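Asks: Mapping of the sequence shown onto our numbering: residues 1 to 171, in sequence order.
Just so you know, not all the hints are guaranteed correct.
[Stated by the list, open to error] Restraint-style ranges between C-beta atoms, simulated for each label pair: (1) Arg42 / Pro103: 27 to 33 Å; (2) Glu88 / Thr26: 22 to 28 Å; (3) Pro28 / Asp91: 36 to 42 Å; (4) Ser157 / Ile128: 20 to 26 Å; (5) Asp91 / Thr129: 14 to 20 Å; (6) Leu153 / Glu21: 20 to 26 Å; (7) Pro14 / Thr129: 29 to 35 Å; (8) Ser2 / Asp91: 34 to 40 Å; (9) Asp27 / Leu153: 27 to 33 Å; (10) Pro28 / Leu153: 15 to 21 Å.
No lab work stands behind these hints: they were computed from the structure.
Source: prediction; values computed, not measured.
Each residue gets a CB set at the ideal place from its N, CA and C atoms; glycine is no exception.
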Amino acid sequence: MSGVPRAVLRAPHPVLSTAAEVVDPTDPFVVSAAADLLTTLREIGKPSGLSAPQIGLSWRLIAVNASLHPRSRSSAGALTLVNPRLAEASDWRQGREGCFSVPGLLGEVPRATRITVYGELPRTGESITIEADAFEARCIQHQLDHLDGVLFLDRVSGARALHHRSHSCYA
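Could you put the whole structure together from the sequences, leaning on the hints where they help?
Replies: Encoded structure:
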């Protein structure tokens, strides 16, 4: 199923600060939204991720494609997960992040560099386990935060940790 590109909401839109709802991965509307997330991500053309709240849907649904990042070790390409949840996290490090919903700013955010995430695939509802590291782990955690109504700015400590965007990838 091909998706339709959607506009990305910007903070302080209220859906971005609200915890998203668990959804049925086989629901046709959820399947369609997953396709829309992937299409929107593809149009952006940068290594990154998007969450359903960023396109106005308060659903637990994310799309990630970190394989375009020069430091990525992922060759998995684009991935969508319904109702994802972090199961394990280790090796925490600071790293620079940005967000399509907060354009123009970057911040130093602590994230685990190794994670395990459980979720379901759209359409089939099949359970899946993802093990990710490095940039892909950062992207996934950033999107999981969106599902809990948390922006990366909420995780930045101190004004010195904020930077205006010059060049970097978005998560």
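Asks: Just tell me: holds or violated, for the beta carbon distance of Asp27 and Leu153 against 27 to 33 Å?
Replies: holds, 32 Å
Asks: Between Glu88 and Thr26, is the Cβ distance one that fits in 22 to 28 Å?
Replies: holds, 27 Å
Asks: Go ahead and decide if the range 20 to 26 Å is satisfied by the Cβ distance of Leu153 to Glu21.
Replies: holds, 23 Å
Asks: Quick one: are Arg42 and Pro103 within 27 to 33 Å, going by C-beta?
Replies: violated, 19 Å
Asks: Can you tell me whether the CB distance of Pro28 to Leu153 sits inside 15 to 21 Å?
Replies: This hint is violated: roughly 34 Å between Cβ atoms.
Asks: Given a hint of 29 to 35 Å, does the C-beta separation of Pro14 and Thr129 actually sit inside it?
Replies: Given a distance of about 33 Å, which is inside 29 to 35 Å, the answer is holds.
Asks: Do the Cβ positions of Pro28 and Asp91 conform to the proposed distance bound of 36 to 42 Å?
Replies: Hint holds: Cβ distance 39 Å, inside 36 to 42 Å.
Asks: Could you see if the CB distance from Ser157 to Ile128 stays within 20 to 26 Å?
Replies: violated, 33 Å
Asks: Take a look at whether the Cβ-Cβ distance between Ser2 and Asp91 falls inside 34 to 40 Å.
Replies: holds, 38 Å
Asks: Range first: 14 to 20 Å. Now tell me if the beta carbons of Asp91 and Thr129 are that far apart.
Replies: holds, 18 Å
Checked against the numbered hints listed earlier, the structure breaks hints 1, 4, 10; every other hint is satisfied.
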